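Undergrad: Going line by line, the protein sequences match chains R and P.
UniProt numbering applies: residue 1 is where the first sequence begins, and numbers increase by one.
UniProt numbering applies: residue 1 is where the second sequence begins, and numbers increase by one.
Only true hints are included.
You can't tell identical chains apart in this list, so a pair holds if it fits in one copy or across any two.
For lysine-lysine, the following DSS-like pairs were computed, each having C-alpha atoms within a straight-line distance of at most 27 Å:
1) 152 x 377
2) 152 x 360
3) 26 x 386
4) 333 x 386
5) 227 x 243
6) 360 x 333
7) 333 x 301
8) 340 x 360
9) 301 x 32
10) 386 x 152
11) 298 x 284
12) 243 x 32
13) 284 x 349
14) 284 x 377
15) 301 x 184
16) 32 x 184
17) 184 x 227
18) 122 x 284
19) 360 x 32
20) 340 x 386
21) 298 x 227
22) 386 x 32
Note that these hints are calculated values from the structure, not bench results.
Computed from a predicted structure; not experimentally measured.
Protein chains: 2
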Amino acid sequence: MYEQRTPISVSEAVRRVMELTRTGDKELVDIKGAGGRYLAEAIIADHNIPPFNRTPLDGFAIRSEDTIAASPDKPVRLEVIETVGAGGVVHQPVYSGQAVRVMTGTMMPEDCDAIAMFELTKEIKADGKEWIELKRPFQPGEFVSFEGEETKAGDALIAAGTRIHAGVIAVLATFGYQNVPVVKQPVIGICATGTELLELNEPLVPGKIRNSNAYMVQAQIRQAGGKPVYYGQLADDFEQCYKAVAGALNEVDALITTGGVSVGDFDYLPEIYEKLGANVLFNKIAMRPGSVTTVAEKDGKLLFGLSGNPSACYVGFELFTRPWLKAFLHSNKPYMEWTKGILTADFPKPNPFTRFIRSKVSFVAGRITATPVGMDKSQVVTSLAKSDALVALPGGSRGYKAGDEVDILFLHREGTGDPFHDPTKLRKNK
Amino acid sequence: MYEQRTPISVSEAVRRVMELTRTGDKELVDIKGAGGRYLAEAIIADHNIPPFNRTPLDGFAIRSEDTIAASPDKPVRLEVIETVGAGGVVHQPVYSGQAVRVMTGTMMPEDCDAIAMFELTKEIKADGKEWIELKRPFQPGEFVSFEGEETKAGDALIAAGTRIHAGVIAVLATFGYQNVPVVKQPVIGICATGTELLELNEPLVPGKIRNSNAYMVQAQIRQAGGKPVYYGQLADDFEQCYKAVAGALNEVDALITTGGVSVGDFDYLPEIYEKLGANVLFNKIAMRPGSVTTVAEKDGKLLFGLSGNPSACYVGFELFTRPWLKAFLHSNKPYMEWTKGILTADFPKPNPFTRFIRSKVSFVAGRITATPVGMDKSQVVTSLAKSDALVALPGGSRGYKAGDEVDILFLHREGTGDPFHDPTKLRKNK
Numbered sequence: 001m002y003e004q005r006t007p008i009s010v011s012e013a014v015r016r017v018m019e020l021t022r023t024g025d026k027e028l029v030d031i032k033g034a035g036g037r038y039l040a041e042a043i044i045a046d047h048n049i050p051p052f053n054r055t056p057l058d059g060f061a062i063r064s065e066d067t068i069a070a071s072p073d074k075p076v077r078l079e080v081i082e083t084v085g086a087g088g089v090v091h092q093p094v095y096s097g098q099a100v101r102v103m104t105g106t107m108m109p110e111d112c113d114a115i116a117m118f119e120l121t122k123e124i125k126a127d128g129k130e131w132i133e134l135k136r137p138f139q140p141g142e143f144v145s146f147e148g149e150e151t152k153a154g155d156a157l158i159a160a161g162t163r164i165h166a167g168v169i170a171v172l173a174t175f176g177y178q179n180v181p182v183v184k185q186p187v188i189g190i191c192a193t194g195t196e197l198l199e200l201n202e203p204l205v206p207g208k209i210r211n212s213n214a215y216m217v218q219a220q221i222r223q224a225g226g227k228p229v230y231y232g233q234l235a236d237d238f239e240q241c242y243k244a245v246a247g248a249l250n251e252v253d254a255l256i257t258t259g260g261v262s263v264g265d266f267d268y269l270p271e272i273y274e275k276l277g278a279n280v281l282f283n284k285i286a287m288r289p290g291s292v293t294t295v296a297e298k299d300g301k302l303l304f305g306l307s308g309n310p311s312a313c314y315v316g317f318e319l320f321t322r323p324w325l326k327a328f329l330h331s332n333k334p335y336m337e338w339t340k341g342i343l344t345a346d347f348p349k350p351n352p353f354t355r356f357i358r359s360k361v362s363f364v365a366g367r368i369t370a371t372p373v374g375m376d377k378s379q380v381v382t383s384l385a386k387s388d389a390l391v392a393l394p395g396g397s398r399g400y401k402a403g404d405e406v407d408i409l410f411l412h413r414e415g416t417g418d419p420f421h422d423p424t425k426l427r428k429n430k
Numbered sequence: 001m002y003e004q005r006t007p008i009s010v011s012e013a014v015r016r017v018m019e020l021t022r023t024g025d026k027e028l029v030d031i032k033g034a035g036g037r038y039l040a041e042a043i044i045a046d047h048n049i050p051p052f053n054r055t056p057l058d059g060f061a062i063r064s065e066d067t068i069a070a071s072p073d074k075p076v077r078l079e080v081i082e083t084v085g086a087g088g089v090v091h092q093p094v095y096s097g098q099a100v101r102v103m104t105g106t107m108m109p110e111d112c113d114a115i116a117m118f119e120l121t122k123e124i125k126a127d128g129k130e131w132i133e134l135k136r137p138f139q140p141g142e143f144v145s146f147e148g149e150e151t152k153a154g155d156a157l158i159a160a161g162t163r164i165h166a167g168v169i170a171v172l173a174t175f176g177y178q179n180v181p182v183v184k185q186p187v188i189g190i191c192a193t194g195t196e197l198l199e200l201n202e203p204l205v206p207g208k209i210r211n212s213n214a215y216m217v218q219a220q221i222r223q224a225g226g227k228p229v230y231y232g233q234l235a236d237d238f239e240q241c242y243k244a245v246a247g248a249l250n251e252v253d254a255l256i257t258t259g260g261v262s263v264g265d266f267d268y269l270p271e272i273y274e275k276l277g278a279n280v281l282f283n284k285i286a287m288r289p290g291s292v293t294t295v296a297e298k299d300g301k302l303l304f305g306l307s308g309n310p311s312a313c314y315v316g317f318e319l320f321t322r323p324w325l326k327a328f329l330h331s332n333k334p335y336m337e338w339t340k341g342i343l344t345a346d347f348p349k350p351n352p353f354t355r356f357i358r359s360k361v362s363f364v365a366g367r368i369t370a371t372p373v374g375m376d377k378s379q380v381v382t383s384l385a386k387s388d389a390l391v392a393l394p395g396g397s398r399g400y401k402a403g404d405e406v407d408i409l410f411l412h413r414e415g416t417g418d419p420f421h422d423p424t425k426l427r428k429n430k
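Bound-form chain R, shown alone:
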C-alpha cells in the first residue's frame, strides 16, 4: 500500500540532524600530513612575532642620534664595524659613529635603533676601514621591525575546528608544531542498495546501471574531512540487509545508505530502521531532489538514508551529512556558505517543494550569478561534474526567471555558522 509521509522543511530537517552532533577526539599528526585536516585546539602564540627587533631589509643598523645633522650637502659618515647575516648576532658594542652591516631578518644590535637600507647609503673605503655616508637624518625606530609588532605571546591565532591549508601550516610551523593536534576523522560507512547496480568493471546489461553513488559519496566524505569505508552493495534480501546495516553501524561513527528509502516494494530501509529500534528523525523533506532523504538515530549514531538517485544523493549529503561531519571536526562553520545572487535561467514551473538547482557560479563585475548546469532531475548525474553551487528556489505557487535574485549555496567553500533558512511555507496537517 502506498505510504503517505509528512514532509518537513529543509531547515527543520537540518536542525534535527544538528541536535545530534558529536565531536571527535584529538590525535597528533606530522605537519606534512596535516593539510586538509581540522585543528582540534586553538593555536595560541607562545612567543612574540617577530621574536626580537630585527631589520626587514638589507642595510645598516645605525644609532639614529648620529644622523641628526645629516643632509645632502653634509652627509654623515659612519664606520662599518661588522657584518651580521640573518641568524647571527653582533659580537661587540656599537658606539656612536659606528654602524653594522645587516641582512634581512637580522636581529637588531642592541645599541642601534634604525636601519639605513642599501639604497639610502653610499659605501666608502678609506683608512683601511669601511664607511657609509648618509645624506638624511633617520628617526628612532625607522625601518625596524619590532618584537611582537605582528603577534604577541598569548594571542589566539587560529580557532579550533579550522581546516588546515597552506596559510595555517605557515603559522603552525612558525610556532614549532612538528606534530599538529587535529580531530580524528569520523569513519563513515557506506552501503549501497539497488539490484540494478553494476560494479565499475562490469559490462552494461539491459536494465542495469553502474553504481556511481557509492564512489561519489566516498569522495564527498573525503572532501568534507571524513574517512569513508565502503561496505559494498546490500543483498536483495531483507534479513541480509538488516544484518549488514546493523553490523556496519557497530564499526562506524555514522552510516550512509544509498537508495532503499522510498516507498517501493524493495525499499527495505524503513523496515530496517524499525527492526533496529532506530529513531527516525524524518523521512520526507519538502525539497527536490531528495525528498525521500531519511535520517535515523540509533544509540547516538546517525543513519543517513540518502536517495538512490545521483543528484538527490549528492544534495542530501551536502545538506545533511556534511554539516554533521563538520561539527564532528569541531568546525563552527558546518553549513554551506550561502548568499544572494542572480539566477541566469528561467524556471517557469512552480513547485510546492524547495528546489536545489545544480549550478555554476560566476563573478561578474562584483556580482554573483548562478547558471544552472544540465538537466534538473533527481536521477541526473552528469551535471554534478560541473556544479559548484546549489541555487535554492523556495517552493510556492510561482516560478522563477532569469534575473531573479535567489539564494546560492556554495558547494566548495569552507562554510558558515549560519544555516540556510528555507522560507518555504508548508501546509499544516497535510
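The hints should help you fit chain P onto chain R, whose structure is shown.
TA: Same frame as chain R, but now just chain P:
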C-alpha cells in the same frame, strides 16, 4: 655594491613564466584515489544516459492508449501482471488492459509507454488477480525517462585538465572508470636558504626563527596538485649551495628556493643561476610583497626563487608557481580567478608597486567584499592563516579607501584561463 634591478610588471612576469609551460604525462589511478587529481583526457560518454527508457518513480508501467477514456467517474481498470524491480526486466508481453508494477529505475517494458505513479492509482484485488484503477488519461511518454535524454553516447562530458571532485567521480563511475586517466603530479623540489632558520623541533634562540616557508610551500604545492620534495636547508656556503641546487634540479620537474634572491651579502641565488648557466626571466617585479621574486630557466626546467619573507613567499608561489603547475596538470584555468569587489579598509599611502593584500572575502547581499587581515608587511606570517583572497592595489600616486572597487584574486577557487592584468604603469628606462 648595491645592485640596481629593473622591475617588470606582474602581468609580464606571469607571461614569461607561462611561455615555458610543460604538460605532464598520463597515468592510471584507482578511482578511490583519484580525488584532487587532474584528468589527463576528456571524458566522452560511451553510452546513453539513461542507457534505456526507465521509470523515474515507483508506480505502474502502462499502455497510455488504454487510459484515453479514464475519468474520475469512469476509472479504467488494468490487470497487474508482474512486479519488476530496478535491475530486472519484464518476462512477458504486456497486452492491452495490462500493467506492470515497476520500481524507480526499472527499465520500461517494451509494450508500455507511460508511468502511473503510486499516488495516482488505486490498487484492487479481485478475481484472484491484482488490478489498478486510473482516473485520468495518460499521455504517451508521461513520466518516462527516455534513453539518452540526459546524455548521448559521444557527448563530451568533462574536459581534460579538470580537477577531480565528487561530482566528477560520479560521472567517472557512471562510465565505468575503475582506473582513471590522470596527469602525473609534477615533482617540485624545495630548498630553503637562511642561516636564521631553525627546524620545527628546535628551541628558539636569539636571532633565529623557525622555518615556516618550507612547510607552507609544501602545502601550497599539494593544494595546487603537485608533489613536493623537501631538500632541507642549504648550507651557508656558496659551493655547497650550488651543488645542492644543481643536484636537486636534476631530480625534479621544477625547483623552488626560499630566500637568497635579494641583494644581501649571503643571497647566493643570483650567482647560482649564473654558474648553472640558467636564463633569468626576471629578478624584480613591481609588486609588494615579493618584489625580489626571481624565476630562471635551465634546460627547460624552472627555478622559482621565492622570497624568504613568508607573505612574499606565499604570494610569489600563488602568482607564478601555481599557474605553471596547473598548466603542467593540463588545466586550461591555471590562473587565480579574479573579479571586482569592494575593499573594506583604507590604504591611504600610495605605493609605486602593485600591492597584493592578504584578505578575507565575504558575500554580502550578492556583492563581493574583501577585508584585509592582519598586518600588511612582507615578513608577516599570521595573516596567511586567515586569507582566502588577495586584493590587488595597482601601483601609482594615490592610496585606496574603504568602499573603493578593487580587483580580488581568489586563493582557493579552481581558477580561470584569463590572467589578472595589472594596470600599473611602469616608468621606462628607470
